[in-house]
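K.L.:
Dock chain B against the given chain A, drawing on the hints supplied.
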Amino acid sequence: MNSFGATVPLLLIVGGALLVFLLEAFLKKENKNYLAYVSLFALIGCGILSAKAWNAGRSYFDGMLRLDNPALFLTFLFLIAVAFVILIGMKYISMQDANHGEFYGLLLLALSGLMIMVSSTNLIVIFLGLEVLSVSSYALAGLKRKDDKSSESAIKYFLMGSFASAFLVFGMAILFGTAQTLDISGLIAFFKTGPDNQVLSLVGFGLVLVGLAFKIAIVPFHMWAPDVYEGAPTPVTAFFSVGPKAAGFAVLIRLLAPYWNAGFGSAKLFAFLWALAALTTLVGSLIALRQKNIKRMLAYSSIANGGYMLIAVLAGDGTALLFFLTTYVFMSIGAFGSLIALTGNGREYNELEDFAGIGFKYPWIGAIFAVFLLSLAGFPPTGGFLAKFYVFVGAVRQGLTSLVLIAVLASLISVYYYLRIVVYMYMREPEREVSIELENPALYLVLFLSLYGVLQLGIFPGNVLYLIKQAVSALF
Amino acid sequence: MNIPILSLITFLPLAGALLLIFLPKENKNLLYGIALSLAVVVFLVSLSLYFGFDAQADGPQFVEKTGWLGFGIQYHLGIDGISLFLVLLTTLLMPIALLSSWSYIQDRIKVYLIFMLILETGIIGVFISLNMFLFYVFWEATLIPMYFLIGIWGGKRRIYATMKFVLFTMLGSLLMLVAIFVLYHLYYKATGTYSLNIFDYYQMLLDPKLQTWLFLAFALAFAIKVPMFPFHTWLPDAHVEAPTAGSVILAAVLLKMGAYGFIRFALPLFPNAVETFLPVLSVLAIIGIIYGGLMALIQKDIKSLVAYSSVSHMGLIMLALFSLNVEGATGAIYQMLNHGLSTGMLFLVVGILYERSHTRLIKDFGGLSKQMPVFSAFFLVALLSSAGLPGLNGFVGEITCFFGIFAANKTFAILSVSTVILAAAYLLWMFERVMHGPITNEKILSYKDVNKREIVYLVPIVVLMFWMGLYPQPFLRKIEPSVARAIAGIKSATKVFVQKPESVPAKFKIPEGSAGIR
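Protein chains in written order, with our numbering: chain A, 1 to 476; chain B, 477 to 994.
Everything labelled a hint here was simulated from the structure, so no lab data went into it.
Where hints are given, some of them may not hold.
[Said to hold, decoys possible] Here are some, though not all, of the chain B residues that point toward chain A, as calculated from beta-carbon distances under 7 Å: (1) Leu520; (2) Ile635; (3) Leu650; (4) Phe657.
Treat the numbers as computed from the prediction; the structure is a model and nothing was measured.
Virtual Cβ for every residue (Gly too), placed ideally from N, Cα, C.
Here chain A stands alone, though its shape is the one from the complex (with noise of 0.2 Å):
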């Protein structure tokens, strides 16, 4: 394959959204839902030339672009979230009044950042992959156009990220100054040997970590998460979730993960993220505790979860933050589906009042729900429960015991927030009348795919530890 064909997949994705963008002028109201089977289209032909390229490990454009088995890996999962999301987005929007296909085209663009994010070792690709991503993600945060959240959300979002683009954009130009590359293995090297110019590098190095930190919702750059994940559109919500933050911690562990062993400032900036890893995982957790508005909870449970993932990038342990992201993806998908399934038209049930009696209501949605709270609380056998063993016993083996006793008692706050929707839903009599619109077929078929990947990752996670076991191989 040359340089150009290993753009394809990639290709196909940016393609398939404009085309979606173009078909939209066309299409009447009632035929949006073409645009989706039009996107899930270049979706498959993306996996399936993705596929092709598994354990070739390939880099092409001056190793600008490299498809090796972390990409692909990554990629996959990506391509798996979006589908999702754009199944359980397709009823959504026409119930809310956001019928765009403008959601369709977005997400692909913002799949293509995603894609471009992992599949690079260059800071400076992995900059325009942010920004592909990030800009795509603003529009769609403002979807709802006529909801004033919605508005608010992507104001916020839009704000805030790109305060935290123009720290990585300035701690790039610094760290350019000062290492004369930008590649990862680059900066690496140059780290190792020592550089004249330390304060500078540090500085820059430290920006750069920053803007990544905004990105991915890390305590104390994590104000913006909460209100944009409460005002965005339900699967753009599951949609930020998944997507940037995987992108972002695979980014982060790439660098940092070589750099532990540098030598270089490597000391004082382990203490650092160790303290955010712990307060992330602790503050999430605690101010989850408060909220009475389930999207905003799960919005802190996402932070929280940022804890652990950072924990893993702190132990340097691939393996399980792969587990992490893909058990993260299944689950926090499904518990996203499942607050897209309690909606009517023109409606969403947010709070957590509304959840009462709602297990015994509609029994299956319920049961499925309760399955994804108790994955995210860690109760085995679920993929919750392995993810974060994986993720604690590799933190351990790197003596990160102070760390783990911290991130396990922040999830045994987590239980009580999680514990206490499965409340509502199963030991409260309903309060208010809740009517939620139960035709919605491609929702539960990825509420069903989703539990199932629960399950399967909890009990025979074994062909994902495999492929996963291959990526890591690469990723260093």
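P.N.:
Just chain B now, kept in the frame of chain A:
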């Protein structure tokens, strides 16, 4: 022929639960019929464990072992004399509990039965797992069904009670999980192979300082479950709010998971820490005995009286276990079975009363024995068994416990005997107020005596109580050799370390400070 009996009895209930999901929820008899016959089948199958069990053979029996997730995480089952009877207790009480809920649970029967069956799978799994990972999975898996059972079918303060139950247990078990991680890591460091096999860990001798921390994590998890004073506060809440069958399973089997955890994990893995903490734990157990008994005396609600009597009785069991001699530990195991039967039956009896009266307050009753003579006889047997009357099972267990405790520490023995006096006091006083005297509450005149269904599930327990009280040898014969081996393991490990671990090549010594806490 090689039938995996352990897997069968573990997963048959789960399979039944999955089957029930797809059955119509209106057909009460069908649902109950399937669940009940399944539970009975499981019990009958589990009986074959008793007959096939060879008491003299070393090591676990009925072993099933296959790889599962790699890295030492194996599907590894097996039983010894300690777990054998706990499994049998579980499989016996489950059909009884189901039968007792026939009229008590009126709504959402399908979901109820599903959770009961899942609960059975979890509990059996805990007792037969020989892999730490598997053990933890089952340990946590018992939590979810119990959480729903209390939360959905419980009394007024059920949500508070169930959340408290879950959070208390989770706190302990999560800390234990971290301790398991550390053990796992240390084992790998010492030997270069991954293992979560409990027998491999028995071979490991840890630095005493590290043992302290790990032991505390394990002991906390198990002490909460037992529950030992001062971690017992969740128990009265959970018991009072839980439906009858939930209380029965909780008291009879779930609490035993804690004591079982001590003898299987906490004591043998950390012998030096055990030596250090034994006095503290013993004193806590004694406080539990006396405090639980005194609290039981002043309870107004019969169910919470039984709950506090559980705290007191479990205190005695733990004290006997901590005496670390064969008599004490055998007595503790035997008393665990007795406590399962007698307290289980007390909860059943209270449940029968509650179904008729919808109250559990002692002051609402009086003179019941005239109105319900058969019921009164059952109540009396359960009560006397719990109080340790000679001829019934409780006596044999308690006397063996006292022998063990006396051999270990005479002061403790003298203090612990108070459990008999207290139990007689709170139980008989309660019986007198409920059963004798004039009928003050006119509603009592409308109560019917126990019906056939109730007699059917009470009689097996009564028979067992007499059997275990008059002829305990069939049980003790199978328990004692395993207990002797377990105690010998704990003791020899302690001695080995004192004599310099280098001289013992079979054991791995982990050097100091290798926990790697950075």
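K.L.:
State for each hint whether it applies.
P.N.:
Cross-check of the supplied hints:
1. Leu520: This interface hint is violated because 27 Å lies over the 7 Å limit.
2. Ile635: The hint holds - Ile635 of chain B has a Cβ within 7 Å of chain A, the shortest such distance being about 5 Å.
3. Leu650: OK, holds: Leu650 of chain B within 7 Å of chain A, min 5 Å.
4. Phe657: OK, holds: Phe657 of chain B within 7 Å of chain A, min 4 Å.
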